[in-house]
Amino acid sequence: MEASSHYQVKLEVFQGPLDLLLFLIRKKKIKIHDIPMATITREYLDYLNQKDRINLDREAEFLLVAALLIYIKSQMLLPREKPLEEEKDPRQILVDRLLDYERMKAASGLLKEKEEEEMQRWKRTALPAVFSEDEMEYTEVSLFDLAESFFALMKRKETAEIKTIKGQEYSLEEKMKEILDHLEEEDFLDFLDHFNRQESFEEALVAFLGLLELIKARIVTAVQETHFRPIKVWIRKKNVKSS
Amino acid sequence: MENRLKEIIESLIFMSLEPLTLEKIKGVLTEFNEREIEQAINELLETFVTNERGIQIIQAAGGYLFSTKPEHDSWIKRLLKLERKNRLSSAALETLSAIAYHQPITLAEISALRGVDSSHTLKTLLQKRLAKIVGRKKSPGNPLIYRTSEKFLAYFGLNNIKDLPSPEEMSKILEEENISEEDSPTQ
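Chains as they are written, first to last, in the working numbering: chain A, 1 to 243; chain B, 244 to 430.
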């Protein structure tokens, strides 16, 4: 009884099923390349049985691995005329995944050390880019305001010049990337400027949809000081002062 | 003249809010030839190794930047009235290493590698600009693909993504760790 409760506590620190699997393998002092399926599967199912309450989201991930284990086990049990070749061993799927996982774990440990080191160095880049207080008081622009400005702008352009429509296709991703690239270089993107730069209505429309996608994904935010002031697009920062 | 060049470069690095690349320095100092500039930078870096100053010039994300010495950390935090800086969560670190070693990579691939759904973590990393969208994969559903950003390099003090140990080196480190684990007495 004692052992099982201790077991549970330890499991709290696991990030996912692969973590648990690695732990089980380590606990049994088994080499990853040589996994006894029966033992691991039993341990794994035992773990699932031990849980009296089920968090569906989390358990679904665990069940996926349980299913994989059982699949591999069934493959191993099937009688075959010829013994399987080395690389066709069904356990190989699991071994590859675990090795990849273990490597990623090690890499994240390494990044953690690096982070710790860098935390102690204060760089000029750590200074927040000239953010004055009044700039922080921008209010977010609603979707309707954005659409309205966009179409007003397009209308103005339409009357200014007549252009033939070229049969060129614009990709949403490219337009999104354009906005993000701009924001990587500059602190903000001027809404009007950006759409004035677009060559055709189609291009501007795709760029506008791209902007909406980015806003929806909460990667950027469109802000305005007050009405009738320029709309600016910013990269969304959780907390400018904390990083 | 050479001394002045060193000073000019120092002031350029000081004024830059991002790691200043050699190319940018060369682009500004058009009246000097490349060899002179490179030599001046090396000399400038040397002066920071030997002199008794609280700051130094380091290389990160492919450029040069000013940094305080790590051993002064506690006093700087006192000045800025900060208890500690926010660290990345282990989920964020894992996701970053998955991206760093497998880029360009999709969300589904990251989740498969980690064995858990990573959409929330990835979103946070995009917000922190440690990862970036680089396009879409030409496969069913055209999922977005991600890479680590310049800021990722700067954040971890890496000059280049190749500064990370290669997968082979990583495996070697792991093997050594496993051996030492086996050697250690068990309870």
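Keep in mind that the hints were calculated from the coordinates and are not lab data.
Keep in mind it's a predicted model, so treat the numbers as computed, not measured.
Using N, Cα and C, we set each Cβ at its ideal position, and we do this for glycine too.
Among the hints, erroneous ones may be present.
[Said to hold, decoys possible] Here are the computed lysine-lysine pairs in the BS3-like style, where the Cα-Cα straight-line distance is at most 27 Å: (1) Lys-324(B) to Lys-312(B); (2) Lys-371(B) to Lys-232(A); (3) Lys-324(B) to Lys-114(A).
[Said to hold, decoys possible] Partial list, computed: chain A residues near chain B (C-beta under 8 Å): (4) Met-76; (5) Leu-78; (6) Lys-82; (7) Tyr-101; (8) Ala-107; (9) Leu-111; (10) Lys-114; (11) His-182.
Comparing the hints with the structure gives:
For the given pair, Lys-324(B) sits about 18 Å from Lys-312(B) by alpha-carbon distance, which is consistent with the 27 Å threshold. Under the criterion of a C-alpha separation no larger than 27 Å, the hint pairing Lys-371(B) with Lys-232(A) is consistent with the structure, at around 19 Å. With a C-alpha separation of about 24 Å, the suggested pair Lys-324(B) and Lys-114(A) falls inside the 27 Å cut-off, and the hint holds. For the restraint placing Met-76(A) at the interface with chain B, the shortest Cβ-Cβ distance is roughly 22 Å, beyond the 8 Å limit, so the hint is violated.
The interface hint given for Leu-78(A) is violated, since its Cβ lies 26 Å from the closest Cβ of chain B, which is over the 8 Å cut-off. Evaluation of the Lys-82(A) hint against chain B yields a violated restraint, the C-beta minimum of about 31 Å exceeding 8 Å. Nearest Cβ of chain B to the Cβ of Tyr-101(A): about 7 Å, under the 8 Å cut. The hint holds. At a threshold of 8 Å, the smallest CB-CB gap from Ala-107(A) to chain B is about 4 Å, leaving the interface hint in force.
At its closest, the beta carbon of Leu-111(A) sits 5 Å from a beta carbon of chain B; the interface hint therefore holds under the 8 Å criterion. At its closest, the beta carbon of Lys-114(A) sits 4 Å from a beta carbon of chain B; the interface hint therefore holds under the 8 Å criterion. For His-182(A), the shortest C-beta to C-beta distance to chain B is roughly 13 Å, which exceeds 8 Å, and the interface hint is violated.
Of the numbered hints given earlier, the model fails hints 4, 5, 6 and 11; all others are met.
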